[in-house]
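**Q** One letter stands for each residue in the lines below.
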Amino acid sequence: MVGDYPPHRVAGICGLDAGAIREAARMLGSARRLLCTVLQGFYQSHQATAAAVQVDNLVLLRGMLGKPGAGVLQMNGQPTAQNTRECGADGDLTGFRNWDNDTHVAELAKLWNVVPEQIPHYGPPTHLMQMMRYAENGTMRMLWVSATNPAVSLPELHRVRSILSSDRLFLVVQDAFRTETTELADVVLPAAIWGEKTGTFTNADRTVHLSEKAVDPPGSARSDLDIFLDYARRMDLRDRAGAPFPSWHDAESAFEAWKRASVGRPCDYSGLSYAKLRAHNGIQWPCTADHPEGTERLYTDGKFFAQPDYCESYGRDLVTGAPLEEQEYRAMNPEGKAMLKAAEYLAPHETPDEHFPYFLINGRTIHHFHTRTKTARAPQLDDAAPEVWLEVSEQDAGRAGLADGDLAQVRTPRGQVRARVRVGGIREGVLFLPFHYGYWDLDHPEGKDGDRAANELTFTDWDPASKQPLFKTAAAALDKIESGAEPAGRARLVRADNRSVTEDAR
Amino acid sequence: MKLGLALRELHRSEKSLARDLRRTAERHQVEHEIYHVALDLAGWSAEHVRAVAQCAHQYGVHLGEDVPHGKPLAMLRESLSEATGRRPEPGLLLLADLRRLHRRAAGVSLDWELLAQGGQAAKKSALVELAGRCHPQTLRQLKWTNAMLKILSPQILTS
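Protein sequences appear in the order of chains A and B.
Position 339, counted from 1, in the first sequence is what the working numbering calls 339; the numbers after and before it change by one each time, with no gaps.
Position 52, counted from 1, in the second sequence is what the working numbering calls 1052; the numbers after and before it change by one each time, with no gaps.
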């Protein structure tokens, strides 16, 4: 596959210089130490999983795993996302178990004392974007949103709002603060936030921390766990013996149950306890009786978690997203070795044309987390980046007659957003909008159908393998609305100097 | 020698698969994954049609290289999909479409098998090489239709 993509062909696809590609290859190929990290920029781009997997391939080919100064950190977008993957809160089966492995499902059924049919495993977990589609066509009538804000964070917001506000969808939203999504809810459940509840966090390098409750939650807010347990009790969920299900009743008893479920799995927590974490906070899994201090490095012996009977998944086709069948995987990888996977290039699903000549991408800024639900309520962070902006390259700004601080309108077939311009070092032909900004803190003339959120402009598409929505390809047009208050062309640091833009925006 | 016949048949079946993938995408524009992946996979089949036509030329068989787009009908299909996007009924139609696509892809796969076998026996390495390049993608199309049927059917059949 790699042979089909020599540097000059890749240069044409990526808009890079073939010499620079060779130079990068030489650096990666000859580095004495190689540590790679990947985040949302990869995961939300066209052919996202295929691209992220190539980073793993490079690290594997170079043997850069399991030793100091080497490794690969495929990071998560949220600090709790490592946990949710391990324990099954993302819809995967608990303890990295494989939905397509009947033995794994039977193990879980035994742990929970339920019949295996109670654990849906007739296909891969139904992902959020598919759930939204089921809500749209009316075959899913209830959606429970906990601690996220799809009315700002998902692509094609006009569509998302129309689904979430539909009369036939019963929408429960659980959050610490009012958000654009709580405004569409049938029921809002006030939730406690970190510092108001106890639980553990695990970060991308497998370090487990205990985070203890410091203060009581305000008003009628309760921890997510208490809310879900209360729901389970009111629904009278029971196991095979007729005992209340789940059997745990607070954070520590849930942790003990999770430990039992993790025994023998890659994320083995059996050697951990709240008492141990209180004494020595920050221990890396696997932590077992044999490794009571945890494990600093994985793969030191060149062994992987890829044996057919053990692996978390049989994998997917990186282009079609089709899950591999068990027999295919067994035939391909009987010994459970690490595998190199590749995919051919496909053109992006929306590309610039004469009417929409720019690529529009959205992403993050350092001052805000997700949709500003928390960060915009911290005055220092809000002051640092109070208003949406648009990054434009010098060449494109020149062509559009735009200067720093001018008000511009970005348009796609889905909608338009107005933002002050920052002329900066972004690539020619590409526009950038931060995705954080929604409407809860605006007395907006257009109400909920506004022109501030970057995702008014994105289209609905996701990576077929990971199911992550794509935010880095949309074709857009750019127009000037009005000149800024300041003289045009003043040099300004992008992203570091938000205050001067603040003044423009006001 | 009937290799020309095998090429002609393969050309016909790949072309009809490319068209069917496009039509299915258009009919189910509101099913985003079906829409985007089906169009990507139609692109593979269209490439195969071109490769087969170019190869067939050497055997005195003249075949078209393109799979023309039917623009007006495509727009009609997409509008219909939009109009019924909030109703559950098109789900059954989708299952029927995936089932038909799967059978079509299976037919194309068999045609590649025939061409590769004929090419080997006649020591025509260009044909074997062509089949070696395209047939794996046909098998992936086949697996995709099967996988989507498996993944989407529980919701459609029980709602």
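Among the clues, some could well be false.
[Unchecked claim] Each computed DSSO-like pair below joins lysine-lysine, with the alpha-carbon atoms no more than 27 Å apart:
no.	chain 1	residue 1	chain 2	residue 2
1	B	Lys1002	B	Lys1123
2	A	Lys213	A	Lys303
3	B	Lys1150	A	Lys341
4	A	Lys67	A	Lys213
5	A	Lys374	A	Lys67
6	A	Lys337	A	Lys213
7	A	Lys341	A	Lys374
8	A	Lys337	A	Lys276
9	A	Lys276	A	Lys341
10	A	Lys341	B	Lys1143
11	A	Lys337	B	Lys1123
12	A	Lys276	A	Lys259
13	B	Lys1150	A	Lys467
14	A	Lys467	B	Lys1002
15	A	Lys337	A	Lys467
If you are wondering where the hints come from, they were derived from the structure by calculation, not from laboratory data.
**Q** Indicate, hint by hint, whether the structure satisfies it.
**A** Tested hints:
no.	hint	in the structure
1	B:Lys1002 x B:Lys1123	holds, 14 Å
2	A:Lys213 x A:Lys303	violated, 39 Å
3	B:Lys1150 x A:Lys341	holds, 24 Å
4	A:Lys67 x A:Lys213	violated, 36 Å
5	A:Lys374 x A:Lys67	violated, 38 Å
6	A:Lys337 x A:Lys213	violated, 43 Å
7	A:Lys341 x A:Lys374	violated, 39 Å
8	A:Lys337 x A:Lys276	violated, 34 Å
9	A:Lys276 x A:Lys341	violated, 40 Å
10	A:Lys341 x B:Lys1143	holds, 17 Å
11	A:Lys337 x B:Lys1123	violated, 37 Å
12	A:Lys276 x A:Lys259	holds, 13 Å
13	B:Lys1150 x A:Lys467	holds, 17 Å
14	A:Lys467 x B:Lys1002	violated, 45 Å
15	A:Lys337 x A:Lys467	holds, 25 Å
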